[in-house]
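Heads up: the sequence shown begins at 44 in the numbering used here, then just goes up one per residue.
Do not rely on the hints blindly, as some may be mistaken.
[What the hints assert, rightly or not] Here are the simulated lysine-lysine pairs, PhoX-like style, with alpha carbons at most 25 Å apart: (1) Lys237 to Lys209; (2) Lys285 to Lys191; (3) Lys224 to Lys160; (4) Lys122 to Lys224; (5) Lys209 to Lys224; (6) Lys209 to Lys160; (7) Lys178 to Lys160; (8) Lys205 to Lys191; (9) Lys209 to Lys178; (10) Lys285 to Lys237; (11) Lys205 to Lys178; (12) Lys285 to Lys152; (13) Lys237 to Lys262; (14) Lys224 to Lys237; (15) Lys209 to Lys191; (16) Lys209 to Lys198; (17) Lys122 to Lys285; (18) Lys209 to Lys262; (19) Lys152 to Lys191; (20) Lys237 to Lys191; (21) Lys160 to Lys205; (22) Lys152 to Lys122; (23) Lys262 to Lys198; (24) Lys152 to Lys209; (25) Lys122 to Lys178; (26) Lys205 to Lys224; (27) Lys209 to Lys122; (28) Lys178 to Lys191; (29) Lys285 to Lys262; (30) Lys224 to Lys262; (31) Lys178 to Lys285; (32) Lys122 to Lys205; (33) Lys205 to Lys262; (34) Lys224 to Lys152.
Think of the hints as simulated: they come from the structure by calculation, not from any bench.
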Amino acid sequence: MRFTKIRTFAATIIAFSTLASAAHAEPMTKEQGDAILTELRQIKQLLQKPQQLAQPAPQAPKADEPATVSVAGVPFLGKADAPLTLVMFTDYQCPFCSRFETQTLPEIKRQYIDTGKLRFVVRDMPLPFHPYASKAAEATHCAEEQGKYWELREKLVANGDKLDAKLLPEYARQVGLDVAKFSACLESGRQAEKVRASSSLAASIGISGTPSFVIGRSKGDRVEGVTIVGAQPFAAFDQKLKELLGK
Numbered sequence: 044m045r046f047t048k049i050r051t052f053a054a055t056i057i058a059f060s061t062l063a064s065a066a067h068a069e070p071m072t073k074e075q076g077d078a079i080l081t082e083l084r085q086i087k088q089l090l091q092k093p094q095q096l097a098q099p100a101p102q103a104p105k106a107d108e109p110a111t112v113s114v115a116g117v118p119f120l121g122k123a124d125a126p127l128t129l130v131m132f133t134d135y136q137c138p139f140c141s142r143f144e145t146q147t148l149p150e151i152k153r154q155y156i157d158t159g160k161l162r163f164v165v166r167d168m169p170l171p172f173h174p175y176a177s178k179a180a181e182a183t184h185c186a187e188e189q190g191k192y193w194e195l196r197e198k199l200v201a202n203g204d205k206l207d208a209k210l211l212p213e214y215a216r217q218v219g220l221d222v223a224k225f226s227a228c229l230e231s232g233r234q235a236e237k238v239r240a241s242s243s244l245a246a247s248i249g250i251s252g253t254p255s256f257v258i259g260r261s262k263g264d265r266v267e268g269v270t271i272v273g274a275q276p277f278a279a280f281d282q283k284l285k286e287l288l289g290k
């Protein structure tokens with residue numbers, strides 16, 4: 044079906060160019076011809092690679108898979124000795140991550156984090172098709188160097204559709220960071236390895252999309268629990284947390 048549509052599209056372009064030339068009683072311009080040839084080359088490349096078109100969509104990660112995650116040296120919200128920990132793998136350009144943080148996290152914070160039952164940790168997982176996500180993640184760790192990790196995170200989450208690297212110093216200024224130090228950190232790339240290591244951790248436990256979570260019992264610098272996939276409503280987290288607290 045897709046091949047038929049592509050072939051039809053190619054034929055339409057050729058027919059259109061022929062009719063356009065006849066209608067104006069003059070040859071098409073070089074620019075018009077080049078544009079049509081470029082389009083046809085792209086179609087030809089697609090036709091020569093049918094296996095790429097036929098590839099199935101990647102499988103979504105499964106929920107409730109056992110997982111153990113290190114949280115050593117990672118900033119957290121809540122009490123260090125909270126019995127449970129929720130680890131979020133996030134991408135700052137991911138709209139579903141933003142939805143979780145603005146709609147679900149506030150209630151989790153009110154009922155579980157602020158009451159000492161839960162520790163909340165964020166791990167980075169910038170996706171390759173989001174061009175600004177990696178640098179945004181690095182920016183949070185540059186802010187961490189000045190003790191304002193959570194403040195900058197909140198600013199980035201609120202501006203997930205405006206994360207061009209040139210805007211990051213202004214967000215840093217708005218949350219009270221030393222912009223010169225922040226910019227030097229960001230330009231040096233010294234936090235990039237921390238972001239890559241976090242993404243590798245996600246891959247090692249089978250997480251491939253954002254937002255994804257590991258929720259479980261706190262074991263010092265580790266969390267032993269299960270995965271939750273997607274921007275689930277508060278009720279889904281509430282149920283799992285109550286189950287864990289009741290054990």
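Check your understanding: Of the hints given before, which are not true for this structure?
Key -> 2, 3, 4, 6, 7, 10, 18, 21, 23, 24, 25, 27, 30, 31, 32, 33, 34
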